[in-house]
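Visitor: Just need the whole structure built from these sequences, with the hints factored in.
Those protein sequence lines, which keep their order, are chains G, P and H.
So the first sequence is numbered by this note's numbering: it starts at 69 and just counts up by one.
So the second sequence is numbered by this note's numbering: it starts at 997 and just counts up by one.
So the third sequence is numbered by this note's numbering: it starts at 598 and just counts up by one.
There may be inaccurate statements among the hints.
[Said to hold, decoys possible] Computed list of lysine to any residue pairs in SDA-like fashion (alpha-carbon distance at most 20 angstroms, straight line):
1. G:LYS212 to H:GLY864
2. G:LYS207 to H:VAL860
3. H:LYS653 to P:HIS1118
4. G:LYS207 to G:GLN181
5. H:LYS653 to P:LEU1195
[To be verified] Calculated Cβ distances over 12 angstroms to all of chain G for the following chain H residues:
6. HIS617
7. GLU627
8. SER747
The set of hints was computed from the structure by calculation and includes no laboratory data.
C-beta: ideal position from N, C-alpha, C; glycine also.
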Amino acid sequence: MSILLDVRNVVQTYTTARTMFGRTSEIRAVDGIDLTVREGEILGIVGESGSGKSTLGRMLLGLETPSRGEVIYRGNPMPPPHSVEWRALRAHMQLIFQDPLAALDRRMTIARQIAEPLEIHGLAKGDALRNRVAELMAKVGLRKDQANRYPHELSGGQRQRVVIARALASAPRFLVCDEPVSALDVSIQAQVVNLLRDLQERERLTMVFISHDLKVVRNICDRVAVMYLGRVVEEAPSDQIFSDPRHPYTQALVSSIPRPGQGLSGRIVLSGEPPNPANRPTGCAFHPRCRFADAQCAATQPELQRHDGHLAACLKFVRARQFAA
Amino acid sequence: MFRFILAKLVRAFLTILLVVTFAFIVLRMSGDPAQIMLGPDAPQDAVDAFRARWGLDDPLWQQYLAYLQQILSFDFGVSMRDQSPAIKLVLERIPATLALTIPALILKLCIGIPAGVYAALHRQSVADRGVIMASIFGFTIPSFVLGLVLVLIFAVTLDWLPSGGQDSWRHAILPIATLSIGGIGILARFSRSAMIEVLGQPYIRTAMAKGLPWRDVVWRHALPNAAVPIVTLVGFMVGSLIAGAVVVESIFSWPGVGRLIVVSVANRDLAVVQCLLLVIAASMVMANLLVDFAYGLLDPRLRAKPAAH
Amino acid sequence: MAFVSIRDLRVAFDGVRVLHGIDLDIGKGEAIGLVGESGCGKSVTWLAALGLLPGKARVEGSVTLDGQQLIGAPRSQLEQIRGARIAMIFQDPSSSLNPVQRVGRQIGESLRLHRGLRGAQARTEVLRLMDMVGIPDAKRRIDLYPHEFSGGQCQRIMIAMALAGQPDLLIADEPTTALDATIQAQILELLSGIRRETGMALVFISHDLGAVSAVCDRAAVMYAGRIVETNDIRSLFAAPAHPYTQGLLRAIPDIDASRARLVPIEGTVPDPAALPTGCAFAPRCPRNSQLCQNYAPDLKPQSAGGVVSCFYPVEADQTAMSQRQEVWA
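Guide: Right, dumping it as structure tokens:
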């Protein structure tokens, strides 16, 4: 598989607004990430709020320029935002995010919304445009008679289908889905996940799937990167990362998933607060919440290292068996 | 905290400087004070002498620098009309204006806010609809129309109250009513929507689920939160205590700041107009500062303490 | 005898009925889950019971607490029950706390109301409660404002506030939905720990079947304003009898299984203003017949335990078989 996107030691810092005390502080949303996105795969990015996963997603699309490091798209550096090359790239990469109602224009029929990107990029006109819209609607499972509806007349799942159809209009090769099913009910969520899977297979799309829902990620992704406080702490094929997590954080995350029909027994409940990028611990950012941490962890920041098909950034090389016991 | 205040003060100072500069330029571009002050038939040498006396022949930038230097040493110039210090003329008029605007402000607060809150608490009721209608009526009628209508009713037709002048407290009733009605309407409308917004918040449901009596839910949880947006509007009203009565003072021949503005602008009495604008700008800026501090008092989120995690 | 008893509870907003007759009993100390998708009426049931719905809601039926009728009860009577007998916590903890009041004061308010504690006595008790729900360094943080706490800590504070009145029943309305996975686990652990310690009953409202099964003994599944199935947790998950329950369980991706296609429930939840004539689930149901389209089934006890409202409930062995088939597919 060839490499579509190559993220090299990327850092993104934001400056917070001046407070009453006249202080500005720098927040590192992404703190040194190396990652590749291979052509035709679905890469999952998992993490809690504040882990920097959405920031990484926007940098993959070139919507944000990293403060350090670079993003390479098909062998070339990502062009700066709003340049001519950048604008040409827009048709090739699309973003789908959580709230479909916010993503849609409430005063436009759904057919108009799906047609819009085709018109903007000058891809179709007249009958060809109409046919293409009908084709896209069929592709995402919207009925013909829904073409002239407005977003508020549709259900949440149907709206997300409209958003997906619109994203597919310009025949993109790369799709970033940022929590695309989190706002949907379980039964509808399954419909949309299946749709995304089918589309990816049929169109040979490359997809980055950002989510906090591990169950969905497990189902849809080929490979998964787990993020904690702006860094990737573990990366492995989806089958391995959930059945045999190596990093203590991944272990806790996997064990925290409530399973239907099972009680609370045998779960690792992490103590402490979710990570706060404004207040980063020294050494391994996870060490204050880690069961295995010692003085070394507080001092040294671990790098991603390969073991048994996983990449994990942990000084302790914890085995899954230890936590299962 | 100190830097925060300093930044606010610097910004306030810049705002005032901007107003003063703007006024300076506009006033000097819009007519020759010498011509206006001395009349169209004044002899040329009188006009020349007047210009020389007030430095009007110097290049504009020199006049401006001289003016800035003056006000920085708290010298606000003298009136071209009667040579008395401009600041004295302005300060003399302020009590008369405040005698109208402060009671009007109190009325706005004491009627507008309770009416709006009451309407919000009794949504869709007759009282709510009444408040909405009355407030629309209040803020859509321009004050010069309202003033004249009130004069027509209470002074001309009923002959209960005087139509103008400043001889007794009875003379103040109509101007105060004219001034306050619009503000009451705006404040009622605004308080109503602020309160409705707050009553829909999850923490109100929490307070109710706690078993708190409804009265306490309103007083302890709803009102303190609704106060934040209301304070913005009240701050604006406080800011216009000095300059907000221009029209009303003219209608009722009330010798306040507003009348002074009208007369001085008509006469191109530069020093007085500039001094007036400076005082007005300063009062607006002060009110803004007060609003900022009130925000901090009312809403801890705006104090921006570093989070204690 | 049931401690809280709901009978034929019906709620309508602007003439549109959203709750169509709920029957539910909660025993002393019992933990029951209320499961369903958005709009199914699981929260409305309890907001109606406590009189917390907006004025335009029409509430009929009966909710009794130790025999005392709550529906239509005067406000003062409800205020003595809220917080003292039945407490409630909500989905979005950060916005459920008053942003301009210190958290200590908000917890203390409940103590004053229901236990008459004031001053130093109240403060000591607030500190004890904050400790109990796991707020570290409570002494220093009692005078902070809600925005100075994370979402998970705000939920802990909400729980402390609910415990302040020493209620017999806690209604937790989607208490973990807005929280991150690891924090969700903490709150679930906290809730079941508190239940063990205090013996209070718990109603856990959630769309997350996993979370429900982690803390509850029994669960009721709701669809379009009706309870469609009630059973103890183990049986409900092992052998769902209502096709909707079965569909919900199948729609959840399995973290332990391979990347099999998900099995969604086709179609969408019906609009409450235009419900189908018969069973509300019929249009989405693989087992529906003419009978289902014309008549709504009642909740009936099943031989294998539990109650189900379905003309063609899924047999226990059928579930097992279809699950087996899935594995082979």
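Visitor: Could you run down the list of hints and mark each one as holding or not?
Guide: Verification of the hints:
1. Note on LYS212 (chain G) and GLY864 (chain H): the hinted pairing holds, with a Cα-Cα distance of about 16 angstroms set against a maximum of 20 angstroms.
2. For a cut-off of 20 angstroms, the pair hint linking LYS207 (chain G) to VAL860 (chain H) stands: about 19 angstroms separates their Cα positions.
3. At most 20 angstroms may separate the alpha-carbon atoms for a hinted pair to count; LYS653 (chain H) and HIS1118 (chain P) meet this at roughly 12 angstroms.
4. The hinted pair formed by LYS207 (chain G) and GLN181 (chain G) meets the criterion: a straight-line CA distance of about 16 angstroms does not exceed 20 angstroms.
5. Between the alpha carbons of LYS653 (chain H) and LEU1195 (chain P) the distance comes to roughly 15 angstroms, so the proposed pair stays at or under 20 angstroms and holds.
6. For HIS617 (chain H), the requirement that its beta carbon stay farther than 12 angstroms from each beta carbon of chain G is met, with the minimum near 19 angstroms.
7. Annotated as non-interface, GLU627 (chain H) keeps its C-beta farther than 12 angstroms from every C-beta of chain G; the closest such distance is 16 angstroms.
8. The beta carbon of SER747 (chain H) sits about 5 angstroms from the closest Cβ of chain G, which is not more than 12 angstroms, so the claim that it is off the interface is violated.
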